[in-house]
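Can you build the whole structure from these sequences, using the hints too?
Chains as they are written, first to last, in my numbering: chain A, 18 to 275; chain B, 18 to 275; chain C, 18 to 275; chain D, 18 to 275.
One should not assume that every hint holds.
Since the list gives no way to pick one copy over another, a pair counts as held whenever it fits inside one copy or between any two copies.
Stated by the list, open to error - The list that follows gives simulated cross-link-like pairs (lysine-lysine, DSSO-like), each with its CA atoms no further than 30 Å apart:
hint, residue 1, residue 2
1, Lys162, Lys128
2, Lys162, Lys95
3, Lys124, Lys95
4, Lys124, Lys63
5, Lys56, Lys226
Treat the hints as calculated values from the structure; they're not laboratory data.
All values derive from a computational prediction rather than experimental measurement.
Protein chains: 4
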Amino acid sequence: MSQAVRVTVWNENLHETMFEEIRAIYPEGIHGCIAGFLKDAGYDVKTATLQEAEHGLTQDVLERTDVLIWWGHMAHHKVEDAVVDRVHQRVLEGMGLIVLHSGHASKIMRKLCGTSSELLRWREAGEKEILWVVDPAHPIAEGLKDRIELSHEEMYGETFIIPKPDDIVFISWFEGGEVFRSGVTYTRGRGKVFYFRPGHESFPTYFNKDVQHVIVNAVRWAAPRAMPQVTLGEIKEPIMPLANPTHNVIAGLHEKID
Amino acid sequence: MSQAVRVTVWNENLHETMFEEIRAIYPEGIHGCIAGFLKDAGYDVKTATLQEAEHGLTQDVLERTDVLIWWGHMAHHKVEDAVVDRVHQRVLEGMGLIVLHSGHASKIMRKLCGTSSELLRWREAGEKEILWVVDPAHPIAEGLKDRIELSHEEMYGETFIIPKPDDIVFISWFEGGEVFRSGVTYTRGRGKVFYFRPGHESFPTYFNKDVQHVIVNAVRWAAPRAMPQVTLGEIKEPIMPLANPTHNVIAGLHEKID
Amino acid sequence: MSQAVRVTVWNENLHETMFEEIRAIYPEGIHGCIAGFLKDAGYDVKTATLQEAEHGLTQDVLERTDVLIWWGHMAHHKVEDAVVDRVHQRVLEGMGLIVLHSGHASKIMRKLCGTSSELLRWREAGEKEILWVVDPAHPIAEGLKDRIELSHEEMYGETFIIPKPDDIVFISWFEGGEVFRSGVTYTRGRGKVFYFRPGHESFPTYFNKDVQHVIVNAVRWAAPRAMPQVTLGEIKEPIMPLANPTHNVIAGLHEKID
Amino acid sequence: MSQAVRVTVWNENLHETMFEEIRAIYPEGIHGCIAGFLKDAGYDVKTATLQEAEHGLTQDVLERTDVLIWWGHMAHHKVEDAVVDRVHQRVLEGMGLIVLHSGHASKIMRKLCGTSSELLRWREAGEKEILWVVDPAHPIAEGLKDRIELSHEEMYGETFIIPKPDDIVFISWFEGGEVFRSGVTYTRGRGKVFYFRPGHESFPTYFNKDVQHVIVNAVRWAAPRAMPQVTLGEIKEPIMPLANPTHNVIAGLHEKID
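Okay, here's the thing in structure tokens:
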């Protein structure tokens with residue numbers, strides 16, 4: 018591809034600004050860390066945060082975004098519905114979306130999945146996580162070993178209440194006894210969506226080379242292609258003429274029933 | 018099962034009340050026709066319509082509903098969001114949902130699918146439709162022949178912009194040149210969802226014995242079972258104590274960021 | 018259902034006959050144990066073993082079997098190909114098949130999956146296994162809690178080289194660090210197939226009430242239904258007559274190319 | 018990719034050599050036609066036919082093949098099992114496979130699918146086929162319009178007895194009343210498989226630019242990647258030592274039961 022894929026990394030950006038301990042891990046913010054390794058991979062990367070006007074996700078920014086990365090945790094309810102609707106519309110049009118960690122409960126993920134907030138088990142105990150590749154032929158697993166090991170992470174456990182994924186790429190093992198579908202894909206409209214579990218703010222997960230490798234692969238996988246457009250049914254001579262074709266009815270009725 | 022499955026048939030109930038030609042086809046309304054053959058099949062059936070208070074779908078009605086059937090066409094925008102949210106919550110809890118015909122564009126279907134209104138080709142020309150069974154081992158196809166033929170129907174054509182279905186049971190052929198995934202299933206939370214295409218109001222489709230057979234099968238398939246509940250992760254001694262566990266952080270922060 | 022589902026439980030029946038320690042666990046054989054709890058659940062149950070003529074799976078036995086259960090471990094290569102072909106054909110016709118534990122590497126499972134023998138990690142260390150329900154609305158999970166705990170089992174770990182399952186019902190956690198898709202479904206022809214991981218011969222796994230519950234559910238789920246039959250394309254007048262229609266060509270050619 | 022994907026186009030090569038009418042359509046054989054447009058697309062292309070020693074598919078040829086294309090129709094039974102096994106093994110290792118038209122009934126396709134020969138409706142009447150894109154975000158649909166129209170083709174109709182596809186990219190409409198899942202994908206081991214319906218020998222289908230476009234896309238999609246390899250479970254100290262660990266048992270037993 019002669020043109021670099023354009024990525025916008027969105028972050029809630031609260032933990033890093035409110036807590037010295039988190040800032041010590043991510044001095045440039047989680048978005049800064051992610052943007053850094055994506056630039057190194059050759060992508061055209063920008064960032065946006067909750068604090069900016071329209072959370073940094075104006076129509077103009079989204080139209081110049083091929084793949085959006087989303088990290089949010091404690092402030093899902095602070096994201097304006099109008100911005101969520103705008104992101105949603107862009108996904109349906111073909112923009113890729115990579116949702117990280119607790120973004121599973123974000124407004125945009127729940128809107129795309131059709132689910133609500135009862136979602137999973139969780140425990141914050143700094144335990145070991147091993148992500149096993151279960152779909153070795155998947156583009157997102159390209160170049161990995163058979164597993165990714167993280168010494169300390171927050172636990173997310175099944176039952177994870179999500180729609181049946183298009184593909185399951187990773188399943189996690191946790192020291193405390195749980196498993197989790199940690200890398201799952203969806204298609205919504207023309208947009209590819211990848212949910213990737215790791216990345217609790219208390220741990221330097223996004224500095225892990227394998228985690229970075231997955232996100233770099235996922236951006237390439239999610240980038241939009243030249244895609245067939247839906248055409249409307251041509252108006253043909255009706256085979257059996259109707260007294261009240263719906264298109265007439267609806268036109269006439271909106272006055273009556275509105 | 019000793020207890021009959023409890024079905025509520027919901028209908029927009031506008032075409033039948035506004036147009037004599039449609040009333041001639043469905044003198045008791047589309048809901049009346051569907052309720053009739055479901056009662057004959059042994060289900061415990063009630064009806065509800067747009068015109069009733071809360072559209073007839075109060076919390077109490079929904080809690081006593083195992084499977085909800087949805088027919089709507091021209092007045093999706095007249096359905097109150099609060100009722101849609103209530104139906105949505107019940108589906109996630111395990112209530113079955115059967116969405117008919119133009120219900121594909123209803124608020125509840127779009128909320129469950131995560132899609133918007135750009136959805137499909139269509140043409141109202143009274144053309145022939147043949148629904149081919151493509152999953153003969155599926156419970157919804159039990160007892161059918163290899164196809165269902167309808168002499169006159171509205172056309173819906175691909176590309177149908179929907180999430181990848183869990184199962185595809187029927188694919189339709191239309192005289193004018195289109196195909197359509199006409200019977201598709203989803204799971205959302207604990208709820209089973211079946212979308213079934215046929216049933217334009219201008220044609221006596223719900224009097225067709227094969228169409229009735231499919232809906233009778235689908236009710237049985239969608240009825241909720243005793244289902245595992247998600248438990249929360251037990252609080253264990255943290256393996257690596259954290260300075261700012263999120264559950265403390267979130268508790269403390271809501272004051273600060275709200 | 019007025020007629021009980023007819024189950025045949027097939028077992029290799031070697032460990033129990035060769036080793037006193039295993040016979041102490043399963044004095045009536047693994048097949049005897051499984052047949053016992055299936056009878057208690059109301060099914061019409063028979064058993065068959067490797068040692069019988071045609072391994073006890075004659076054409077007649079298979080034609081009177083609705084659901085076949087398969088346990089094999091060390092002697093997959095001793096199962097005659099003709100019997101495997103016969104079982105395969107019956108699955109395609111609609112007989113249900115439940116493959117247990119190391120049956121993943123049996124000839125019949127590999128024939129149905131299209132895979133070979135490079136399949137998974139494994140370790141025999143008597144470690145703890147927890148099977149988490151990941152599809153709570155699935156009929157096979159009906160009536161379970163969110164997990165099944167087994168104190169001691171053989172480990173099977175990902176990457177498990179299988180076709181993408183139709184449904185994933187269980188994912189296992191193992192004490193030693195692995196995860197595994199432990200309950201997966203397939204459809205082949207008209208036959209429903211369920212693979213269920215637990216059941217190493219050294220442990221009394223099939224005496225576990227939850228494991229029994231899963232197998233009882235799976236038999237109900239896999240039992241064949243009245244299913245649509247494929248019809249051949251009617252011979253119509255050709256729209257564009259061909260010089261060499263294939264059906265003529267093939268008829269004529271078999272002599273020439275054979 | 019700096020290195021061109023290496024494609025081998027395999028053809029039964031009988032119709033073209035036996036019938037003047039078919040040779041008039043494909044003077045260089047179907048394989049010659051397909052090899053031509055794949056070379057134009059920049060791939061490194063070779064051909065192989067049934068008539069060559071080992072059907073042109075020696076171990077050496079297959080090891081230097083990234084994607085194999087398969088066209089066969091009347092002589093599936095003439096393909097040697099040893100060659101089929103070799104191709105099968107290479108698919109499991111990661112070689113891509115594109116099966117065209119009546120290759121659905123080839124030995125290799127049936128071996129990968131786990132199905133037998135009862136497969137579909139068909140009719141040879143030179144009727145019109147329209148292939149509708151049903152997954153516009155799929156890499157194989159990149160750059161297409163919403164449909165491909167072929168004036169004259171053989172009809173294949175549902176019910177098509179295949180395993181549930183990973184993805185369905187195209188569904189066909191036929192003038193005579195049938196539909197068909199015409200472009201479907203599978204993964205087997207590490208290999209990507211694409212079945213694409215069109216291409217009856219009596220019609221110049223492989224000269225159609227859209228059909229060529231699909232095959233060019235499919236080669237890119239099916240080409241192998243650097244893929245995670247499965248590792249064996251490390252031998253750990255058994256948590257509960259067993260009297261007869263299976264690895265010992267099996268080692269000892271093969272003498273006894275063989």
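Here is what the structure says about each hint:
1. Lys162 - Lys128: between (33 Å within a copy, 28 Å between copies)
2. Lys162 - Lys95: So lysine 162 and lysine 95 fail the 30 Å test inside a copy (38 Å) and across (35 Å) alike.
3. Lys124 - Lys95: So lysine 124 and lysine 95 pass the 30 Å test inside a copy (10 Å) and across (24 Å) alike.
4. Lys124 - Lys63: within (22 Å within a copy, 35 Å between copies)
5. Lys56 - Lys226: Answer is within; shortest intra-copy Cα gap is 14 Å, inter-copy 38 Å.
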